[in-house]
Structures are given as structure tokens and as C-alpha cells.
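There are 2 protein chains.
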Amino acid sequence: MTYPSSTERIHGVLSPVVTPFDRELRPDGERLVKHCRWLLEQGVGLAVFGTNSEANSMSVAEKIALLDTLVAAGIPPTRMMPGTAACAFPDTVELTRHAVQLGCAGVLMLPPFYYKGVSDEGLFRSYAEVIERVGDNRLRIYLYHIPPVAQVPISLPLIERLLKAYPSTIAGIKDSSGDWANTSAMLEQFQPHGLDVFAGSEAFLLRTLRGGGVGCITAAANVNPGPIAQLARSWQQPDADAQQAALNDVRAIFQQFPMIPALKAAIAHYSDDPAWATVRPPLVELDDAQRTALAQALHAADFAMPGLAA
Amino acid sequence: MTYPSSTERIHGVLSPVVTPFDRELRPDGERLVKHCRWLLEQGVGLAVFGTNSEANSMSVAEKIALLDTLVAAGIPPTRMMPGTAACAFPDTVELTRHAVQLGCAGVLMLPPFYYKGVSDEGLFRSYAEVIERVGDNRLRIYLYHIPPVAQVPISLPLIERLLKAYPSTIAGIKDSSGDWANTSAMLEQFQPHGLDVFAGSEAFLLRTLRGGGVGCITAAANVNPGPIAQLARSWQQPDADAQQAALNDVRAIFQQFPMIPALKAAIAHYSDDPAWATVRPPLVELDDAQRTALAQALHAADFAMPGLAA
Numbered sequence: 007m008t009y010p011s012s013t014e015r016i017h018g019v020l021s022p023v024v025t026p027f028d029r030e031l032r033p034d035g036e037r038l039v040k041h042c043r044w045l046l047e048q049g050v051g052l053a054v055f056g057t058n059s060e061a062n063s064m065s066v067a068e069k070i071a072l073l074d075t076l077v078a079a080g081i082p083p084t085r086m087m088p089g090t091a092a093c094a095f096p097d098t099v100e101l102t103r104h105a106v107q108l109g110c111a112g113v114l115m116l117p118p119f120y121y122k123g124v125s126d127e128g129l130f131r132s133y134a135e136v137i138e139r140v141g142d143n144r145l146r147i148y149l150y151h152i153p154p155v156a157q158v159p160i161s162l163p164l165i166e167r168l169l170k171a172y173p174s175t176i177a178g179i180k181d182s183s184g185d186w187a188n189t190s191a192m193l194e195q196f197q198p199h200g201l202d203v204f205a206g207s208e209a210f211l212l213r214t215l216r217g218g219g220v221g222c223i224t225a226a227a228n229v230n231p232g233p234i235a236q237l238a239r240s241w242q243q244p245d246a247d248a249q250q251a252a253l254n255d256v257r258a259i260f261q262q263f264p265m266i267p268a269l270k271a272a273i274a275h276y277s278d279d280p281a282w283a284t285v286r287p288p289l290v291e292l293d294d295a296q297r298t299a300l301a302q303a304l305h306a307a308d309f310a311m312p313g314l315a316a
Numbered sequence: 007m008t009y010p011s012s013t014e015r016i017h018g019v020l021s022p023v024v025t026p027f028d029r030e031l032r033p034d035g036e037r038l039v040k041h042c043r044w045l046l047e048q049g050v051g052l053a054v055f056g057t058n059s060e061a062n063s064m065s066v067a068e069k070i071a072l073l074d075t076l077v078a079a080g081i082p083p084t085r086m087m088p089g090t091a092a093c094a095f096p097d098t099v100e101l102t103r104h105a106v107q108l109g110c111a112g113v114l115m116l117p118p119f120y121y122k123g124v125s126d127e128g129l130f131r132s133y134a135e136v137i138e139r140v141g142d143n144r145l146r147i148y149l150y151h152i153p154p155v156a157q158v159p160i161s162l163p164l165i166e167r168l169l170k171a172y173p174s175t176i177a178g179i180k181d182s183s184g185d186w187a188n189t190s191a192m193l194e195q196f197q198p199h200g201l202d203v204f205a206g207s208e209a210f211l212l213r214t215l216r217g218g219g220v221g222c223i224t225a226a227a228n229v230n231p232g233p234i235a236q237l238a239r240s241w242q243q244p245d246a247d248a249q250q251a252a253l254n255d256v257r258a259i260f261q262q263f264p265m266i267p268a269l270k271a272a273i274a275h276y277s278d279d280p281a282w283a284t285v286r287p288p289l290v291e292l293d294d295a296q297r298t299a300l301a302q303a304l305h306a307a308d309f310a311m312p313g314l315a316a
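Sequences listed follow chains A and B, in order.
If you use the working numbering, the first sequence corresponds to residues 7 to 316, in order.
If you use the working numbering, the second sequence corresponds to residues 7 to 316, in order.
Derived by calculation from the structure, the hints in this document are not laboratory data.
Even for Gly, the Cβ is constructed at its ideal location relative to N, Cα and C.
Careful: at least some of the hints might be erroneous.
Far from chain B by the CB rule (all over 10 Å, computed), these chain A residues [said to hold, decoys possible]:
#1 ARG29
#2 GLY49
#3 GLU68
#4 SER125
#5 ARG131
#6 GLU135
#7 TRP186
#8 PRO233
#9 GLN262
#10 ARG286
#11 ALA295
#12 HIS305
Once the Cα atoms are required to be at most 20 Å apart in a straight line, the calculated EDC-like pairs of lysine to aspartate or glutamate come out as [unchecked claim]:
#13 LYS40(A) to ASP279(A)
#14 LYS170(A) to ASP185(A)
#15 LYS170(A) to ASP142(A)
#16 LYS122(A) to GLU291(B)
#17 LYS170(B) to ASP142(B)
#18 LYS122(A) to ASP185(B)
#19 LYS170(A) to ASP126(A)
#20 LYS122(B) to GLU194(A)
#21 LYS170(B) to GLU135(B)
#22 LYS170(B) to GLU194(B)
#23 LYS122(B) to ASP185(A)
For reference, chain A alone in the conformation it holds in the complex (with noise of 0.2 Å):
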């Protein structure tokens, strides 16, 4: 497997990977390092502390500990693009600085969640000052626009004005609006420029990719991760429509459920290991009879996770 060197910007297919916890609710370092092997080996990058990581309920500590182990593993920090945001800046910053040292390919921010309806000048300022106090030229940062969950989108105008003030340290952005219009005027817009343009999902793989964006960070990636790569390889390929209405299928099983309590439960299913079926609160563990509906639907649907260890 080669990796790009550190001057090429991190691309294709990542999966916010979902972070395992004992019985205590503690992170569980091994099982994430084994998770992730898995995920590389099936072509897709780490997006590790995303949404679908459980990643605002860990804390920065939690968090840092976690991407040391990663890499003391020998988990390549250069397909790494953890999410190192917080409410408070000096949290982000701390984390933000944390990734750049240990060598990470980017890191994808969240605005600032808390407050709502906050102008576009005070999530400007919010950004600039997790830059200003990194203080690294290594620094690249992917935007995270999630107005569903944060509740607090990042707009076309804030992007264009991100991009001008530090031109080299904004990377790109993932679009989790579920908007397509939204993705289609940031591949216009900004794609050009040099702001690599990630769908929020792998159902808008193959748009973005028509469209000059360069992939997708998604859930899904957690499970599929391998039939989602390829079609990020093959976009150009005769069958590539047909493998988005297969990755559709799949995608179609998973959301009848809570997302992320079923990812942990189909790898709990498929490593037959229970203890990945573990979630921090707010979140709760999918029930017995979701479980079995899970299951018998994605086996219904031949699924499999090929090579993921038992």
C-alpha cells in the first residue's frame, strides 16, 4: 500500500471512524487500531473524531490519547484527517495542534456549536483565531458543515472570505447538508481555487466527483468501506452508476436505524465481538430487535465486511 507523501493533499474516501468503549465507557485504544488497520487496508482514509465517532462525547485528553496510540500503532498519520473542534477555542486549538505535530494530513473543523444564529463575522473570528494560535504552516484545515446536527452551517460568503485571509491553511470542506444544490455551488465556486470538496456522504459520491470534487467522508465508510472506494477509483468506468445504486442499497439498510448505534452493531455482528455494540450517552445501543432486524436485513442483502477479524 503507498500513501501520498505529505505534500500531496489528503483525498478519495475516509470514514469518520466510529470509536469503541469498554464497560467503563472508556475509550478502547485497541479496538480502534485494529478498526482503522481494517479500514486502510480497504482503501479509505481516517476521519477519525467525526460526528459519527462519538467525538463531542470525548474529551480533548480522551481524544489526544487516542491519536497517540494511533500512531504509536503505526496507524500513517498522513491518512489521518481528525476533527479536533470544539465549542471553546482553546480546546480546538489544543487538539488542532496536537494532529499538525503528530504529522496529520488535515483536520476537519466544526464551527463553534453552542450559540446559534451567530454571524458569519463571529465564526470568521472563531476560525482565524484557531489559526492565529496554532501558529503552523502545516496546518490544513477541512471545513465540517453539518447544519442538522451543529445547527450552525457554514455559508458560501464565510468559505470564500476563509479562503482569501489563508489561502494555503483552508484545504476543503465536507458537506453533510444532505443539500445537493449546496455541494454543486461549493464545487462552482470553490473547487477551483483549491478547496477540495468532500460530499458528506456516499450517496453524492459520484455527483461530487463528476462534479471536480475529490470524495467523501461517510458513515457508511465504517462498514462498506471497500465497494465506496472503488467507486471513488472507478468514477470514470462504464458500471460507475451501477455501483452507486449498490452502495444506495446498502446505505438504504443502515439509515432505517440509528446510524451510529448500527455501525457499531454490524461490526459487532460481523467480528462477532459484542463489545463493539458499546455507545457514550446520549446515544443508546440498539435494542435486541433491532439488532436481529439489522442483521437480517444486511444478510438478506448478501453484505459482508470481507477480512474484518473476528
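Chain A is fixed; fit chain B onto it per the hints.
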């Protein structure tokens, strides 16, 4: 001035104390102590680290340091109800434990607010996890229901379940829904069972007290504490409705501006201390025109902040 003994519950009017920051955006403990002293002299308690305190723009370490500064300066912890919640329970546990150990009267606790659409079961587990891990029977939790900001509500069934499971710990609630029907339901269903109901705004103070509630926790108590505390003391007097109307008039002036920057601008203006105007991003301080308009409106209404030292 007398304060309730530690066996009495805190009640009346509390201020979500605005947090001063210096030019480097560091929390300014000295100015905070001074403001807290003035608030206590005016007869209001201290809900430091509330929404209006920009609490969610500060790290846990910054909040612990400020709490220590306040107590070291002689501010009585029995008059304090710090906000201690974060998205991640380890953060909430750390700050809550510290507040309990310092002898704070209680803590104001948001639900975890990043993940949206979570279940009451998940929120129950979130609170239970914190209560069990803090493991101190001195802990008094005031639930913080503020759906316009947190976007994660605390439902009536959730309150009932928490109160049943932890009757001596779940001490009260702040209702910042702005929905009187909801406050009224809390007053009817839970106040008789020992859940102290605080209105989330002085606009509902009189109605809350008449309905059996214990007071309010309100942004405006940062700037208009004396008259709000006066109504809480004299709500059974004939002039109570007139007092409420006068409070509403002052509130209406502040509501023409972004609330937190306006509170700070007023303190800066009346104490002749421009440093008070500083906010952390994503908030933005009032601009010159807004500042002038606010000052003019307050002077036209004969508004004063008596005893606020220059």
C-alpha cells in the same frame, strides 16, 4: 447580608454572570470577582458559567481556575450555582465534582447538546452517568432546559424519571423555553414534589412565583439585579404587577441587541471600563452605532446601575 445555610436550597434571583475577557481573550478573574461582589450586594445569586457567561466558549480548565479565584476572593459558594455541563460526560464530571467540593449550592446542568434528536433514555443515562461518577450526596443538580440554544429539550417525562431515580440530587430546573405553558406544567407537576422551578427570564418572574416557583435565573440580572431581586422579595405586595412591567421595559431595551454583547456593553458603559465589552468568538461585540443606540435608550429610560464602581 445573610446567606442561606448549606442545608437550605438556593432560591430567588440568580445572574448567569457575564465573563470578562482581557485583550488576549483570557478570562479576567479580577473583573469577574468585582462584578460578582456587586451582584451579591444587589441581592442576586451567581449562576456563573451560564449561557450568558459564554461558558461554552471556555475550557473546563479555565472554568475551574475561575471558580477557584472566586472562592479564594471570598465569594460564598453557597450563593453559587455554576453551569458545569459539556457535551462529553468526562468534562461534566470533572467540573461538577470540583463545584461540589468547593461547596457550591448547586450546579446548573445542560443536557449533552451536540447530538440532536436523542432519546429521553439517552439523556437519562447522561445525567445518571454524571451523578454516579461524581458520587457525592452533596450534589444538587438544577436541570437546564433551553431548547432555543441547546436544541436538545428536557421533557416532562425525563424530569419525572430523574426525580424518581435521584430525588435528593435533582433539586430544580431552569426553564428557558420561553413557553409559559411548559413552565406552568413544571410548576404543577414537579414543584410540589420538591423540584424548584426557576423561570429562565425575569419576564416570567411574577407568574412563576405566583405559581409556586422559587425565582428566576436571567441574563438581565447582570445589569438590572436590584429591581429584579426586589420583585422576588415583594411579589405579594400590591405593586408587584407595576414592578414586573418596569422590569419588562428594561428587558425590551436589551432585547433590541444581541444579548450577551449588549450586557457587556452596558457594564462597560456604566462602569466606564471599556475592557468589559470584549467577547469570545463566535460572538461579536456591539459596533459603535449599536453601542450608542443602547446607551441612549438606557439613558432615556433613566436606567441606572447603582453602586457599580468605575
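Tested hints:
no.: 1; hint: ARG29; verdict: holds, 13 Å
no.: 2; hint: GLY49; verdict: holds, 29 Å
no.: 3; hint: GLU68; verdict: violated, 7 Å
no.: 4; hint: SER125; verdict: violated, 6 Å
no.: 5; hint: ARG131; verdict: violated, 4 Å
no.: 6; hint: GLU135; verdict: violated, 6 Å
no.: 7; hint: TRP186; verdict: holds, 22 Å
no.: 8; hint: PRO233; verdict: holds, 28 Å
no.: 9; hint: GLN262; verdict: holds, 15 Å
no.: 10; hint: ARG286; verdict: violated, 7 Å
no.: 11; hint: ALA295; verdict: holds, 15 Å
no.: 12; hint: HIS305; verdict: holds, 27 Å
no.: 13; hint: LYS40(A) to ASP279(A); verdict: holds, 12 Å
no.: 14; hint: LYS170(A) to ASP185(A); verdict: violated, 25 Å
no.: 15; hint: LYS170(A) to ASP142(A); verdict: holds, 18 Å
no.: 16; hint: LYS122(A) to GLU291(B); verdict: holds, 16 Å
no.: 17; hint: LYS170(B) to ASP142(B); verdict: holds, 18 Å
no.: 18; hint: LYS122(A) to ASP185(B); verdict: holds, 18 Å
no.: 19; hint: LYS170(A) to ASP126(A); verdict: holds, 14 Å
no.: 20; hint: LYS122(B) to GLU194(A); verdict: violated, 31 Å
no.: 21; hint: LYS170(B) to GLU135(B); verdict: holds, 16 Å
no.: 22; hint: LYS170(B) to GLU194(B); verdict: holds, 16 Å
no.: 23; hint: LYS122(B) to ASP185(A); verdict: holds, 18 Å
Of the numbered hints stated above, those contradicted by the structure are hints 3, 4, 5, 6, 10, 14 and 20, listed in ascending order.
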